[in-house]
Amino acid sequence: MRTTVLRCAFVAAAWVVVGMAMGQGTSNGLDETDTRAVTKANFLFHFAASNEWPLSVKEGEFHLTVVGNERLHAELVDKYAMKLIGAQPLTIHGYSRTEDLPSEEFHHLVYCDVGGAELNRLALALADTPTVLVSDSPDGLEQGALINFVSIGNRIRYEINAADAAKKGVLIGNKIMTWAVK
769 MRTTVLRCAF VAAAWVVVGM AMGQGTSNGL DETDTRAVTK ANFLFHFAAS
819 NEWPLSVKEG EFHLTVVGNE RLHAELVDKY AMKLIGAQPL TIHGYSRTED
869 LPSEEFHHLV YCDVGGAELN RLALALADTP TVLVSDSPDG LEQGALINFV
919 SIGNRIRYEI NAADAAKKGV LIGNKIMTWA VK
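This note's numbering numbers the first residue of the sequence shown as 769 and each following residue consecutively.
Treat the hints with care, as some may be off.
[Said to hold, decoys possible] Taking lysine-lysine pairs in the DSSO-like style, the calculated list, with each CA pair at most 27 Å apart, reads:
#1 Lys943 with Lys847
#2 Lys943 with Lys851
#3 Lys826 with Lys935
#4 Lys935 with Lys950
#5 Lys936 with Lys826
#6 Lys936 with Lys851
#7 Lys826 with Lys851
#8 Lys950 with Lys936
#9 Lys847 with Lys826
#10 Lys826 with Lys943
[Stated by the list, open to error] Now the in silico label distances, taken between C-beta atoms and shown as ranges:
#11 Asp868 with Asn942: 32 to 40 Å
#12 Lys935 with Asp907: 13 to 21 Å
#13 Asn942 with Thr897: 17 to 25 Å
#14 Gly828 with Ile920: 34 to 42 Å
#15 Val845 with Phe874: 13 to 21 Å
Everything labelled a hint here was simulated from the structure, so no lab data went into it.
Think of the CB as a built atom: it goes at the ideal place given N, C-alpha and C, for glycine as much as any other residue.
Let's have the full structure, built from the sequences with the hints guiding it.
Below is the structure:
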């Protein structure tokens, strides 16, 4: 009897270990296979690193902010939090809503997951700053974003309003421009 109990306990413990080794024991509750978040995080990092920013914002930390997408924020923190943008340490912020974004702080690059009027309000609030606003909305550029993600087939691509970026003093890098679809 005692041997049977020990054997059952050993088998149960083995299943727990195997389940955790196969990724079934993750505790953060995030989908580890979210390839859209991985792709967007990669693009956002390159948008930050490959553009020429005004001298007035090239000191201190580089602030990359995500509004409304917890998974994307987690992916950026996981992969890019210890990186530099030029000589600036990258700081990654995450907020649930546009209203939570502190208006008194400067953010170099802001990704906003919502579109429409809310995106337009955020664009107007950032209009006089050299902030690059990135969206994932069907009308993102029309609502004031400088870069907008679009889906083409099964791929994430992006479109750019380089003229408005230049008005803000941000020169979009050649590599970023050549990857754009518009």
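Taking the hints in turn, this is what the structure says about them:
1. Lys943 with Lys847: With Cα atoms ~21 Å apart, Lys943 and Lys847 stay inside 27 Å; holds.
2. Lys943 with Lys851: Distance ~19 Å between Lys943 and Lys851 Cα, so the pair holds.
3. Lys826 with Lys935: Answer holds: Lys826 to Lys935 is near 17 Å, not above 27 Å.
4. Lys935 with Lys950: holds, 18 Å
5. Lys936 with Lys826: holds, 14 Å
6. Lys936 with Lys851: With a Cα-Cα distance of about 25 Å, the restraint between Lys936 and Lys851 holds, given a limit of 27 Å.
7. Lys826 with Lys851: With a Cα-Cα distance of about 15 Å, the restraint between Lys826 and Lys851 holds, given a limit of 27 Å.
8. Lys950 with Lys936: holds, 19 Å
9. Lys847 with Lys826: Holds - the C-alpha atoms of Lys826 and Lys847 are around 22 Å apart, at most 27 Å.
10. Lys826 with Lys943: holds, 20 Å
11. Asp868 with Asn942: 32 to 40 Å: holds, 35 Å
12. Lys935 with Asp907: 13 to 21 Å: Holds, at about 20 Å.
13. Asn942 with Thr897: 17 to 25 Å: Check passed, 24 Å falls within 17 to 25 Å.
14. Gly828 with Ile920: 34 to 42 Å: 37 Å Cβ-Cβ, so the 34 to 42 Å window holds.
15. Val845 with Phe874: 13 to 21 Å: holds, 20 Å
The structure agrees with every numbered hint stated previously.
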